[in-house]
Structures are given as C-alpha cells and as structure tokens.
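Visitor: Line by line, the protein sequences give chains A and B. Take the first sequence: its letters are residues 1 to 316, numbered as in my numbering. Take the second sequence: its letters are residues 1 to 316, numbered as in my numbering.
Treat the hints loosely; a few may be bogus.
Keeping only pairs whose Cα atoms sit at most 25 Å apart, straight-line, the calculated DSS-like set for lysine-lysine is [as the list claims (entries may be wrong)]:
(1) 134(B) to 110(A)
(2) 19(A) to 35(B)
(3) 172(B) to 97(B)
Just so you have them, the derived chain A footprint on chain B, three or more residues with Cβ under 8 Å [stated by the list, open to error]:
(4) 140-154
(5) 259-272
Since the hints were derived computationally from the structure, they do not count as laboratory data. By construction, the Cβ of each residue, glycine as well, lies at the ideal position given by its N, Cα and C atoms.
Number of protein chains: 2
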Amino acid sequence: MIHDFAGKETLNKIADNLKPYIHRTPVLSSEQINKIADAHIFFKCEMFQKTGSFKVRGAMNAVLQLSDEQKEKGIITHSSGNFAQALAYTANKTGIKATIIMPHGVVASKRDAVLGYGAEIIYSGNQPLDRENKCEEIKNNTGAVFIHPSNDINVIHGHSSCAIELINDSEKLDAVIAPVGGGGLISGIALGFKNFSKDTAIFAGEPANADDAFRSFKSGKIIPVNNPNTIADGLKTSLGNVTFPIIKEMVTEIFTVTEEEIIFAMKIIWERLKIITEPSGAVAFAALIKNKELFKGKNIAVILSGGNVDLNKLPF
Amino acid sequence: MIHDFAGKETLNKIADNLKPYIHRTPVLSSEQINKIADAHIFFKCEMFQKTGSFKVRGAMNAVLQLSDEQKEKGIITHSSGNFAQALAYTANKTGIKATIIMPHGVVASKRDAVLGYGAEIIYSGNQPLDRENKCEEIKNNTGAVFIHPSNDINVIHGHSSCAIELINDSEKLDAVIAPVGGGGLISGIALGFKNFSKDTAIFAGEPANADDAFRSFKSGKIIPVNNPNTIADGLKTSLGNVTFPIIKEMVTEIFTVTEEEIIFAMKIIWERLKIITEPSGAVAFAALIKNKELFKGKNIAVILSGGNVDLNKLPF
C-alpha cells in the first residue's frame, strides 16, 4: 500500500490551520525525574490540550479537510474514549453535526463531556464490532462522513502538529517516545519528526497486555488483539492498514510495559511533575524507565498523551 | 505592635534575589472553570514551585538575610509539612546546615524529601508544643537560627514575590484569594498587593475545622486552635503576632469552607486543570466557589499553594 504522506509544506500548513482551535501545549522538564531516568527528558503535555488529550489535533484536521457538502451531512465515529470528546468538540467549534457511537456502559463523565459539546450519542453493544456495525448502519442511512479515531491519514497528519511544536520547544532531540494503541499518534509523530528532525530516533511504548503493535512490528503483518485487558484503556485498539506501514517504516523499536510499570510511571509523573496523566498517557514514560540504559545521558522527548481519568477509580 | 513592612523597592529587590533559586510559576486559566465560577480566574500554580509549594519563597528569603556568622551556626525549624522540605532545599542550595524537628509518625515521602536535601531530622512528639520545646532546646545548645514557618517577617516578605509575579502575569485583578493557616502566605500576598496593585481586594479561605484566623479576625484578638482536624493539613497552624496585624489591616474578609467543599474544589482542579493540588492548596478556590455571587464577572486570582499529596490517601 502506498501512502500519500504529507511533506514539510503541507504539515506546516495543517499545523497553522489548527492553531485557532488547539493549545500549543507546554514542554516540561524536572531535575528530579532527569535524575531518576539518567537522561534529559522533555515531556510534551497533551493533558493540557483542548478536551484533555492530543486527539483533537487529528479530529480537527480531518474535519477541516471536508467539503461543504460533506460538512452538511455531519460526521460520525465510534469511540468510548478521548476521540469521542475530541470529535464532539471539533463539530461544536466548526458548527457541524456529530454522532458518536458509544458502548452502553460508558463512564458518565465521558458521556457528559460529549453531550456538553452538543453531539448526539447512539449507544451500542460493548464489543468493538457492535459499534463498528452500528456506525456503518447510521452512516449508510444519513450519509454522515465516518472519521476513524486513528486509521485515517488526515487524523494522522493533524497529530504531526504535536511533533512540530515539540521540536520547536525542545533542545535537539536524540529520541522521541510515544504510546501506541491504534497507532494514530505515533504515526503522526513519526511523520513530523522524519520531516523536521530526521535524526531523532522514534520509539513507541505499548501495554504488554495489548501488544498487537509489538507483535505486528516483529512479524511484519498486522496481528490484532481481541478485547485486551489493560489499565491503559486508550491503547486497547489495534493497528490499521494506514498506521501500520508508517510505523513499520519509521519506528525504531516498540517497547512493551507491564501494568505495574505503567502505574509506577504514572505515579512518578503525578508526584514529581504535579500533573495528571491518564494511564495510557504514562506508557511512553514507563517504556523509557524500563529501557533507561538505552537512553542514558540523551535528550529524550516523551509524549504524555492525555489526562482524562476517573478520580474514583485510581490505581493508587 | 509596629511592623517594619517592606515597601516597593525592598520587595522588588527581595523578589529579584530569589530568582536564581525559585521558579516563576505559571498562571493558568480554564474556560470551563470560568463558566462554573462565573468569573475570570487566574490560578497561580505554586505546586510547580521548587519543593512543590510556595514555602520555598519565604524560607529562601529568610536564609538570604542571615549574616555569615549566623549561616555558620545553621538553621532550625519545626514542621511536618511543606516548610520542612522548603527549608531543607534552601539550606542545600546555600550550603548551610539545617535541622528539622518532625513528629515521629511523619509520612515517609516527606521525611525522605527532607533527607534527600541533606538536612538532619530530629524526631519529637506529635503535639506542636513537643516540637517547639525540642526546637528551643536544640537552638539553645547549638546556636542555630530558628526560622518560623509563617510568623517571621522575612518569610512573609519572601512570599510577596508570589504576588509580584501574579500581578505581572495576569490582567488587572479585582480580587485575590489565598489560603490561610499560620498566615505567612496571605500576609506576603497582602503586602505585595498593597504595594503593587492597591485596588485589588484581598480575601482568605480557611477550613471551618481550623477557623482560628476567621475567629481572630472577627474578634480582633488572636484565638488559636488546638489540634484541629482537617484534610487541609497545611492549614492547621494558628496565626501569630507577626501575621495577625497584617491580616487585620489588609484583608477584606476570611471565608471558611467545609471539608466537603475543599474536596469538591480539589476535584475540579484535578479534573479540569489537570494539575495536582493538595487539599490546603484548594481551599482558596473552595472559598471562591462558595461565594461566587460576590465575584461574578470579576477578574479573580486564586493561589493554589502546593501539590504535595500522598497518592495512597486521596479523598476521592
């Protein structure tokens, strides 16, 4: 499969067009954490992004690419997590209708956030396949444009804006580490770095309990996971036919981390940086700690991808 | 009692001298929180300060005022909380010896932070009076200089640097709200605002379960609390003869808040701002929410005073 990857000019233009809708999130460092990790770490803090995660970058870019006719039909996606909020926010800000397919048992705070942005929720079964079928059905009935949470080149190009900011706001980076679930973020980061900082090595962190990206990367073909169980609930989805080729080509290594390692990394970030990262958001840092010998003394960027947590269900 | 309050020039000089040792902490706002509170709020984020709270501002200024002879004797204080860490850090950075009197049952993370900065800990009883007596005894034996965590004019002047940053980094402020325990922070904030933004009204928030400042303020004389019980453990101490006259003269009103109101405010800050505030740090915001009719549509600064929490003992 051949991708029409965007080059510097296109990615810069996309990042510029996103600016009115998103935050340029801060890059933070901590002397204490640098000591623990024995490296100079630049944390890209996407919990401070609109809707609490990086997802709004891709959602907004995908919507900005739509024709007027498409916008009139509205947009639709299936997500129980951060992409749902991001797409609902995006639709609200651009004045178009959004429909989100969510599982019946979705957390009230996530449901309320989506409703708060004025999107319509349609509830479906608890299996991903239920939601995909329901999504397809409604799309066919209404003509709404389906936007996939990760396996969509416009979503990916939107996420590259995160890499561009990071490169501009850090020192020269030896490596960058991002979490991988469906692969949208790491693909966008990879494209951004290959274009604007090509000597930076690109790594991904993944929960060992949902290690489809690791296994796909090692075997050379997509091996999806079925219904994985991990605290990093944003990383349960599998790679797709758009994200996998980018990852295969541009990522140096995928590191898996255990549930305990994720919680430990999350705790360090909360305690030392005094910021809220969700478990998925701590996975890249967990991968760094686990492999610190590799990164000793280097300048490393770590993407903290989001901060939407249920405070009543913390792992501490 | 007549105080030798510092004026603009002195406070500016103190703030300048502190710069190499402290962070200029960010001032954050949130559209969502502004909607909830129906005001434009500027959060001064002291959880990002060195050692995780504002206390280092005052501790460092107190040490910078010492003569070489005094520095040689070392410094001593009694604190089970943020001032202990702040003074230990201060001593470490200025190369002097610090002794901290702590209760036997002090939380391991706080003990370790103090030891990590190279300070000596001497354990004493669990009552404040035990610690004060032990402190007096060691001071008399060693000649170490005692620095009180709040009731010390140099500590207070150091805290004024927080007000100066806040005034420079916000829009014109109608009011500022800070938490009150021993009164060091609110006194420093009050002096800073009276000098640099005299039309800003100054308010304090206090736990109803430790409302000595409220009662002292209302009655016109210091009424200490004895062993109060509140989740806002940084605000258990009572006003002193240095802080009370400043508060009496410069503060417009002291608002008390319940334990539930403190936890609710803390939760909003964690969920919406995605930052960690300790219960004491959320008290000023709790006071604002409780009295929002007073502040409707105004520009209000809220001091989030610290972020040192025990993640294993969260109130959610």
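Visitor: The structure should be examined with respect to each hint, and the outcome stated for every one.
Guide: Going through the hints against the structure:
For the suggested pair residue 134(B) and residue 110(A), the alpha carbons sit about 52 Å apart, so the restraint of at most 25 Å is broken. A threshold of 25 Å between alpha carbons decides the hint, and for residue 19(A) with residue 35(B) the separation of about 23 Å falls inside it, so the pair holds. For a cut-off of 25 Å, the pair hint linking residue 172(B) to residue 97(B) is broken: about 42 Å separates their Cα positions. Look at the segment 140-154 of chain B against chain A: 0 of its residues bring a Cβ nearer than 8 Å to a Cβ of that chain, fewer than three, so the hint is violated.
Only when three residues or more bring their CB closer than 8 Å to a CB of chain A does the claim for the segment 259-272 of chain B stand; here the count is 3, and the claim holds.
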